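In case you want the letters, here they are:
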Amino acid sequence: MQFTRVIPVLLLKNNGLVKTVKFKNSKYIGDPINAMKIFNTKEVDELVILDIMATKKKKRARL
Amino acid sequence: MESVIYIIMKNQKIVIIDYGMGNIGSIQNMLKYLGADSIVTSDKKEIKNADKLILPGVGHFKSAMDNINKLNISELLRAQVLEEKKPILGICLGMQLMCSHSEEGDVSGLSLIDAKVKKFNFLNNEELKVPHMGWNKVKLLNNQSQIFKKSLEGSRFYFVHSYYVKCNNSSDVLTKTDYGLNFDSSFENGNIFGVQFHPEKSHSYGINLFENFLKI
Chain A
1 MQFTRVIPVL LLKNNGLVKT VKFKNSKYIG DPINAMKIFN TKEVDELVIL
51 DIMATKKKKR ARL
Chain B
1 MESVIYIIMK NQKIVIIDYG MGNIGSIQNM LKYLGADSIV TSDKKEIKNA
51 DKLILPGVGH FKSAMDNINK LNISELLRAQ VLEEKKPILG ICLGMQLMCS
101 HSEEGDVSGL SLIDAKVKKF NFLNNEELKV PHMGWNKVKL LNNQSQIFKK
151 SLEGSRFYFV HSYYVKCNNS SDVLTKTDYG LNFDSSFENG NIFGVQFHPE
201 KSHSYGINLF ENFLKI
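If you read the sequences in order, they're chains A and B.
1 is the number of the first residue of the first sequence in the numbering used here; add one for each residue after it.
1 is the number of the first residue of the second sequence in the numbering used here; add one for each residue after it.
Read the hints as simulated data drawn from the structure, not as lab findings.
Heads up, a few of these hints could be off.
[Claimed, not checked] BS3-like mimics (lysine-lysine), calculated; alpha carbons at most 27 Å apart, straight line:
| id | chain 1 | residue 1 | chain 2 | residue 2 |
| --- | --- | --- | --- | --- |
| 1 | B | Lys116 | A | Lys42 |
| 2 | B | Lys137 | B | Lys149 |
| 3 | B | Lys166 | A | Lys37 |
| 4 | B | Lys118 | A | Lys42 |
| 5 | A | Lys37 | B | Lys137 |
| 6 | A | Lys42 | B | Lys86 |
[Stated by the list, open to error] Which chain A residues stay away from chain B? Per the calculated CB distances, all over 10 Å, these:
| id | residue |
| --- | --- |
| 7 | Arg5 |
| 8 | Val18 |
| 9 | Lys19 |
| 10 | Lys22 |
| 11 | Ile33 |
| 12 | Ala35 |
| 13 | Asn40 |
| 14 | Glu43 |
| 15 | Ile49 |
| 16 | Leu50 |
| 17 | Lys58 |
| 18 | Lys59 |
| 19 | Arg60 |
| 20 | Ala61 |
This one's a predicted model, so the numbers in the text were calculated from it and none came from an experiment.
We put the beta carbon where it would ideally sit given N, CA and C, even for glycine.
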């Protein structure tokens with residue numbers, strides 16, 4: 001049996017979650033920790049968090 | 001009652017065996033959430049002093065066995081589990097390492113349980129991808145289990161694996177999961193427990209399983 005995985009994608013920019021239009025005109029939409037807590041309580045299948053500043057700032061993955 | 005449980009959780013030494021492979025952080029976090037302290041080590045003395053052992057693991061079977069053999073702890077682990085009867089929980093590759101043999105690298109495992117590890121083969125079915133990844137259900141076959149106490153109705157667990165365990169004794173099989181075939185997704189034999197899925201990534205169902213393991 002296969003289950004569909006519903007995976008919200010959150011965009012992280014300078015420690016805040018943002019909504020963008022093609023990665024431009026970003027709007028702050030909330031605190032990442034709080035958002036993750038909410039998704040966790042709602043038992044979401046998986047979460048993807050993209051640090052959209054990582055490439056620009058040449059940061060390595062923080063695991 | 002709450003405080004009694006707290007003391008049980010607190011006053012035991014949980015050793016997570018470190019052989020250089022595995023997602024140990026999330027396991028430790030879950031144990032901490034349940035009030036249990038754990039240490040991550042491959043030190044023989046610490047393993048000897050442990051009350052309970054957790055064998056984690058993500059990666060290649062042969063590399064894992066090579067690492068364990070390099071650390072020279074396989075005989076010690078066997079003695080702790082088979083003679084001292086210490087409870088051991090193998091997770092994902094950790095479960096597979098407890099078996100006698102794996103197709104991945106064609107090598108022997110720790111042989112704590114009479115089982116073999118095989119590769120998923122779905123060449124004729126393009127819909128089934130390997131690895132088997134995501135949430136899936138488990139069907140409980142043993143209602144005397146020490147780690148699955150609650151009714152499993154509706155329980156789901158998170159899987160990521162390309163190889164699966166096939167127990168030789170059907171009495172060892174604890175749960176089965178359907179992915180192309182009905183494979184053994186966990187086993188239990190006395191003090192020996194193995195789960196193919198990741199309880200540390202399985203929300204409240206996984207927490208419940210860790211809680212039962214801590215209470216043994």
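We went through each hint and held it up to the structure:
1. B:Lys116 <-> A:Lys42: violated (37 Å)
2. B:Lys137 <-> B:Lys149: holds (16 Å)
3. B:Lys166 <-> A:Lys37: Violated. Lysine 166 (chain B) to lysine 37 (chain A) sits at ~37 Å, over the 27 Å cutoff.
4. B:Lys118 <-> A:Lys42: Roughly 35 Å separates the two Cα atoms, so the pair is violated.
5. A:Lys37 <-> B:Lys137: holds (24 Å)
6. A:Lys42 <-> B:Lys86: With Cα atoms ~37 Å apart, lysine 42 (chain A) and lysine 86 (chain B) exceed 27 Å; violated.
7. Arg5: violated (5 Å)
8. Val18: holds (27 Å)
9. Lys19: Consistent with the label, lysine 19 (chain A) stays out of reach of chain B, its closest Cβ about 27 Å off (over 10 Å).
10. Lys22: holds (29 Å)
11. Ile33: holds (14 Å)
12. Ala35: holds (17 Å)
13. Asn40: violated (8 Å)
14. Glu43: Violated, since 6 Å does not exceed 10 Å.
15. Ile49: Nearest chain B Cβ is 15 Å from isoleucine 49 (chain A), so the label holds.
16. Leu50: The claim stands: leucine 50 (chain A) keeps its Cβ more than 10 Å from every Cβ of chain B (closest is about 19 Å).
17. Lys58: holds (25 Å)
18. Lys59: At roughly 20 Å from the nearest Cβ of chain B, lysine 59 (chain A) sits farther out than 10 Å, so the non-interface label holds.
19. Arg60: Arginine 60 (chain A) clear of chain B: closest Cβ-Cβ about 17 Å, beyond 10 Å.
20. Ala61: holds (14 Å)
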